[in-house]
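Q: The primary structure of each chain is shown beneath.
There are 6 protein chains.
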Amino acid sequence: MDALDRLIALALEEDLGAAGDVTTSALIPEDARGRAELLAKEDLVLSGLEAFARVFHHVDPDVVVRRLARAGDEIRAPKVIAELQGRLRSLLIAERTALNLIQRASGIATMARRAAEAVKGTRLKVLDTRKTPPGMRALAKQAVRDGGAHNHRFGLFDGVLIKDNHIAAVGGSVREALRRAKERAPRLVKIEIEVVTLDQLREVLDTGLADVVMLDNMDIATLKEAVRIADGRVVAEASGGVTLNSVAEIAATGVDYISSGALTHSAPNFDVALDIDL
Amino acid sequence: MDALDRLIALALEEDLGAAGDVTTSALIPEDARGRAELLAKEDLVLSGLEAFARVFHHVDPDVVVRRLARAGDEIRAPKVIAELQGRLRSLLIAERTALNLIQRASGIATMARRAAEAVKGTRLKVLDTRKTPPGMRALAKQAVRDGGAHNHRFGLFDGVLIKDNHIAAVGGSVREALRRAKERAPRLVKIEIEVVTLDQLREVLDTGLADVVMLDNMDIATLKEAVRIADGRVVAEASGGVTLNSVAEIAATGVDYISSGALTHSAPNFDVALDIDL
Amino acid sequence: MDALDRLIALALEEDLGAAGDVTTSALIPEDARGRAELLAKEDLVLSGLEAFARVFHHVDPDVVVRRLARAGDEIRAPKVIAELQGRLRSLLIAERTALNLIQRASGIATMARRAAEAVKGTRLKVLDTRKTPPGMRALAKQAVRDGGAHNHRFGLFDGVLIKDNHIAAVGGSVREALRRAKERAPRLVKIEIEVVTLDQLREVLDTGLADVVMLDNMDIATLKEAVRIADGRVVAEASGGVTLNSVAEIAATGVDYISSGALTHSAPNFDVALDIDL
Amino acid sequence: MDALDRLIALALEEDLGAAGDVTTSALIPEDARGRAELLAKEDLVLSGLEAFARVFHHVDPDVVVRRLARAGDEIRAPKVIAELQGRLRSLLIAERTALNLIQRASGIATMARRAAEAVKGTRLKVLDTRKTPPGMRALAKQAVRDGGAHNHRFGLFDGVLIKDNHIAAVGGSVREALRRAKERAPRLVKIEIEVVTLDQLREVLDTGLADVVMLDNMDIATLKEAVRIADGRVVAEASGGVTLNSVAEIAATGVDYISSGALTHSAPNFDVALDIDL
Amino acid sequence: MDALDRLIALALEEDLGAAGDVTTSALIPEDARGRAELLAKEDLVLSGLEAFARVFHHVDPDVVVRRLARAGDEIRAPKVIAELQGRLRSLLIAERTALNLIQRASGIATMARRAAEAVKGTRLKVLDTRKTPPGMRALAKQAVRDGGAHNHRFGLFDGVLIKDNHIAAVGGSVREALRRAKERAPRLVKIEIEVVTLDQLREVLDTGLADVVMLDNMDIATLKEAVRIADGRVVAEASGGVTLNSVAEIAATGVDYISSGALTHSAPNFDVALDIDL
Amino acid sequence: MDALDRLIALALEEDLGAAGDVTTSALIPEDARGRAELLAKEDLVLSGLEAFARVFHHVDPDVVVRRLARAGDEIRAPKVIAELQGRLRSLLIAERTALNLIQRASGIATMARRAAEAVKGTRLKVLDTRKTPPGMRALAKQAVRDGGAHNHRFGLFDGVLIKDNHIAAVGGSVREALRRAKERAPRLVKIEIEVVTLDQLREVLDTGLADVVMLDNMDIATLKEAVRIADGRVVAEASGGVTLNSVAEIAATGVDYISSGALTHSAPNFDVALDIDL
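Chains as they are written, first to last, in this note's numbering: chain V, 3 to 280; chain P, 3 to 280; chain S, 3 to 280; chain L, 3 to 280; chain Z, 3 to 280; chain F, 3 to 280.
Wrong hints could be hidden among the right ones.
Which copy? The list can't say, so a pair holds if one copy fits it or any two copies do.
What the hints assert, rightly or not - Listed below are the simulated DSBU-like cross-link pairs for lysine-lysine, each with C-alpha atoms no more than 35 Å apart in a straight line: (1) K226 / K165; (2) K122 / K192; (3) K133 / K165; (4) K81 / K165; (5) K43 / K192; (6) K43 / K81; (7) K127 / K226; (8) K43 / K184; (9) K122 / K81; (10) K226 / K43; (11) K43 / K122; (12) K81 / K226; (13) K43 / K165; (14) K226 / K133; (15) K122 / K226; (16) K184 / K127; (17) K165 / K184.
Because the hints were derived from the structure by calculation, they are not lab data.
Excised from the complex, chain V in its bound form (with noise of 0.2 Å):
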């Protein structure tokens, strides 16, 4: 069981609990089948229909679902996206677990499209974070590829990223901070470190150590600075405040990458139905 199948028994147990779905039991015959659409009732891109198929399956692996589009498509309400058969009490079990997740799931995917959008023509690519809903981090990202964006490190395991309370429990030396992550970091992933002042990024380009530098919470004017001072030597990665307003300029300082937490933390779930048929 992946992370997400442990997601998807966990859903699935707080919803049914020890008694199960009290009402479907009491009225739905045990052998009664049943067809079903998903049905987009507003526009956006989808994303998560996997993980919708699979919800069905942990609950009855008979369930069949037939996909009519794809990750990543633009879809336009209303639009059927898939259509199920199978055992009608399965189809009303699993209905709600199902939809929290894809509609999570292209909420995250319509909004990383419309920041893909807002850069396109730039060089800028826009960058998720680890702030994803517990649980559903593989699901996020995965969206946030859907929607067009591009993937920061996936967990704490395959980058180094050196904050400002890492430099500070060092002893306040960027220096210092970057010599112990090159000699114990594991040997193919790369250094990025935070700065917050341009002075710092002096320091940091100094070492010659990073591979990546985070500029956290500059304005448009220091951005283009440390640009200029970066002059190539490290990838830079514009971090907050990102909104899809501030992204056309943030691409004019010439950065790499912003990266935005909202992305994925505060999407808001999509419309997206089930409709039974008999």
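On the provided structure of chain V, position chains P, S, L, Z and F as indicated by the hints.
A: The following block gives chains P, S, L, Z and F in isolation, referenced to the frame of chain V:
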């Protein structure tokens, strides 16, 4: 391990993978200790502080978390909500996962508080739904209560809620659906049924078998008429299309409850941060 | 894995340990196949056949189980209830664990049938309790229904049942206990309260807050008086000291339900055996 | 987590579901504390007190359980067996699950004691079987020992027991069955074989390969003859149709052991209750 | 999931972490399919092919593994042992974990074969111990049998083995240790006791309570004397300091068994590789 | 529970099965306490002491383990490495499983130390591989560091390593393989590619896309030439056919790293024993 423990375990695993926090391992000595403050950076209603603390205890049972505010408190930013003390590595490793939980819970509580305030002075109560982030059902429902709104069913097991799909499945008869529910549902759970027309409402009232009726997607005028028809014989719950603006108008129709999915599925994360001292 | 799957896994583990079935491994070739009959050796009401089959499928998904009787059937011994086919090793390894489940379930169903028959023609319904063998709640509750009796709460989550300890805990006031339950219990669950005296019963009726009242350990005369006092304002459930003999007399008092723990906690195993052919 | 911990977790989950104890949550303040007495309400041989205590510690590690009696004690009712102290909510939530375990264990121990007393003064020893409630193997086997009877195999792994099905599977030859067992069974386990006729017994003795012989469903006269034939060359175990009445007569035949499934599969629960003080 | 499934799950998790195989994800299209050959690159006795195949099925149930050799076969390199077919990503992801298992199992089987050959023609049998790689007990014990050597106890549960620490714990008395074992050990397990001097051996023989005696770290002359003293009254097992060279000499002493930890704890991995075709 | 905890749980289960340590249960009183010394019986580099201690704490959290040496220490036998105190049963039950871990970890650390010493004074660093005992990845990688050698990738997730199979899968083009890796691999991981000929090396250098190149199975002369060609533009790692003897010669070629699978897959267990006092 309850559901929250399992969600925390899952979230830590997706963040730490098999190799752990490579930055912290490289930079921070094993025996370094530190202090941290949990800081509200925008106004919010606090929720999820226990879950926040539990993440640290998963990582390291010896981290001490001192609470400086309580669930349901209106926090004015900037304000220190809690103080932490322990191994510096533990503080850094748990930080993001813990913040992801408290930011979301506080987001939900804050939205719930705004909704509860909008109906203050009326008899209308605001309810949540089962549209909660997967794995976070109990946390989200608690956040709704911390905000001052109310919980609908916890899951599929603690109440009968007959929806259009169920009615269709028994041949379209409201009466037959209610009859089966009455006969076969657990002894101590009540029966709620969704109606979309006033005729359906009348049919429900005729049977005398429903405890609560959900008036789905009705406009204000229809809701008023529904309340008049019901005449106190069932509890009346409006659902669909709720916004903070519409809530006062709905209160005036005389329905007992209004349920809102957005409360839990689309609350934004609120900004809470961890500042680490050495 | 639902609760039954986990119980089966646990039972197989305690029977097989880490080294497995040493007799079967030593004697039976890996590729030997066999057939077996599941034989009722005394009269019984059948229950647990699905659980029986599931044990074999845990051990070996390729074992075929053909059902020759259905849950709730009155079986006259000797009678073949099911036929099995598959790897001989699998049949031998799963046998005891599978029998332990069906023997107990059929024991409960048979006792439930006898109790249901004893109240036939009266309005009294026989209920089970939460006194079920650990891990077997759903199986035992199903056996009760297969026998023709009825289920009380599934667990602590699908109904409020206020007992003497709860009343004492709120200062001895029935009214206060019911008030809190009404205010804080989940919206769609009903409230039952246990009383031991007629005065307590009157106090409950005064509040108008209880849906069901449990009349605990009252003698026949007191039960009759309780029914007279309640006068249909609450559902009345007798509990305590039920035997097949006393049931008819209790029916005559006019109570709606009688609950019996012995139904599930002390039903003897009924004799069902597996005869293996080669 | 050993098997008992997993059974307790399973039992608590089926009782608490996802939403927990709604009565206790509604009525009892989070910080209320209480005391309770565990009271024997009928005469019994005590067993399962450790399991009882462990349930409370699963729910809340801070509940204190003071034992006032020991496993194997003959308890005269009414008698307080243990005192508990802790959060009132924890006491109420764990009560039923804990009682279900100790009632069953004490039921088994009491039946085992009666059986052990019936053979007192003879060399006959009473054995249990593998017919234990699923998930409760170790607890039931301990209860048998607490009662003063003895354990047969724990499971399929700690002894070879060749039954009719195994003999048939190797072509009907007792000799071949024993030969394979001798050659392939684990080095340090003994070999027992079931026989139903005296001829089979003689065949077993001829091989010299069996350590124990199970005399299945033989009448008293045949058992006597079997003992005479065996003449001490193997340990003799009678099985089938044991009652307290028949036990003394079986002892007189000279067999070494008598095994009884009813000891563990059909022992009734004995009445033990929790009285909560505030 | 048996122990091997859990070990495989653990091994895959430590190799894949939360983010998976980043090389394969980046380079190989999701729908690419491939073939592969499992190739022995040095002479070996084959073992662990089933475990090898199971790793692929954990990753992807649709990978087809065709076996071209059987457990226990002497393989002359270079030789293709199996052919695989399936999604190319699955082949690449499972490769290392699957090889780690089969290389180790074949290493153990090869060492066991060499040891078995060294005692061929004598009555001495070579035994393994409990010194197996953690989580691989069953796999290692099977490899020993595949090699032609024999298994000692599987674990602590299927035989009594009294060591010096146990004897010391009962006050240094061999007789007391054996008496307790006889009285309290499971009915169908045998008793083995370790002795380090001939006096201890005599004491053991005096009691008549041991089935097997382990002669620990005795030189050849002492072993011979021990066999003479035992005179067939117990099974004799030599242990300690076994090498392929010493085995023949030990066989000549007349002991029944020789046990060797190195067989399982220090067998080198044998070279088996996966060659992927497209 | 991290991976090591799960491996320990698995190892204890395979050793204890469902019935536990029957020798210890029979002989040792439940309340007996004891002391033990962990004794190095041959010279070794210590590793795995924490894992050793953790096994005892799994069995019994009250066992006290006092460390007398540290990871990485060169131990001269005989030397006491740790002292233990606690329930005698716990010491005996955990002994074998704990020793299996520390013996293997110390075996790896000792081999790693020997390899590290062989390259002392040169710039060559010795690396491990992913050929670690299943379930023991972190323990084995730590042992390598305790010995003074270095870690390659932890798993498939923290570095891109393009092997011959990957190159073949993209049509044989080194350039295409590197292009895809650059485009799609996680942002903060580096790219290593395996080459078997000097032509392939030149092709890699041409692209400018690789961070590290693995020179697979090249002889000393070819390695020298490869280093000359690479001329510092990529990090150079030799792999294949490493022995303690060849290491110095390889160092002289000027490569940066040499990786060795034998370090972790074929290190013998080193002799560490537990002596129990009463």
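Q: At 35 Å max between alpha carbons, let me know whether K127 reaches K226 within a copy, between copies, both or neither.
A: within (16 Å within a copy, 41 Å between copies)
Q: When Cα atoms must be at most 35 Å apart, do K81 and K165 count as within-copy, between-copy, both, or neither?
A: between (45 Å within a copy, 22 Å between copies)
Q: State whether the alpha carbon distance between K226 and K165 is at most 35 Å within one copy, between copies, both, or neither.
A: within (21 Å within a copy, 41 Å between copies)
Q: Please sort K226 with K43 into within, between, both or neither, judging by C-alpha distance up to 35 Å.
A: Classified as between; 27 Å across copies, 42 Å inside a copy.
Q: Is it within, between, both, or neither for K43 and K122, if the alpha carbons may be no more than 35 Å apart?
A: both (27 Å within a copy, 32 Å between copies)
Q: Please sort K122 with K81 into within, between, both or neither, judging by C-alpha distance up to 35 Å.
A: within (27 Å within a copy, 40 Å between copies)
Q: At most 35 Å between CA atoms: does that hold for K133 and K165 within a copy, between copies, both, or neither?
A: Result: close both inside a copy and across copies, 16 Å intra and 34 Å inter.
Q: 35 Å Cα cut-off: does K81 pair with K226 within a copy, between copies, both or neither?
A: between (44 Å within a copy, 33 Å between copies)
Q: Is it within a copy, between copies, both, or neither that the alpha carbon of K226 lies no farther than 35 Å from that of K133?
A: Classified as within; 27 Å inside a copy, 43 Å across copies.
Q: Within a copy, between copies, both or neither: which one fits K165 and K184 at a CA-CA cutoff of 35 Å?
A: Both: 15 Å inside a copy, 25 Å across copies.
Q: Is the C-alpha distance from K43 to K165 at most 35 Å within one copy, between copies, in both cases, or in neither?
A: between (42 Å within a copy, 19 Å between copies)
Q: When no copy is specified for K122 and K226, does a C-alpha distance of 35 Å or less occur within a copy, between copies, both, or neither?
A: within (19 Å within a copy, 47 Å between copies)
Going down the numbered hints, you'll see the structure goes against none, and every one checks out.
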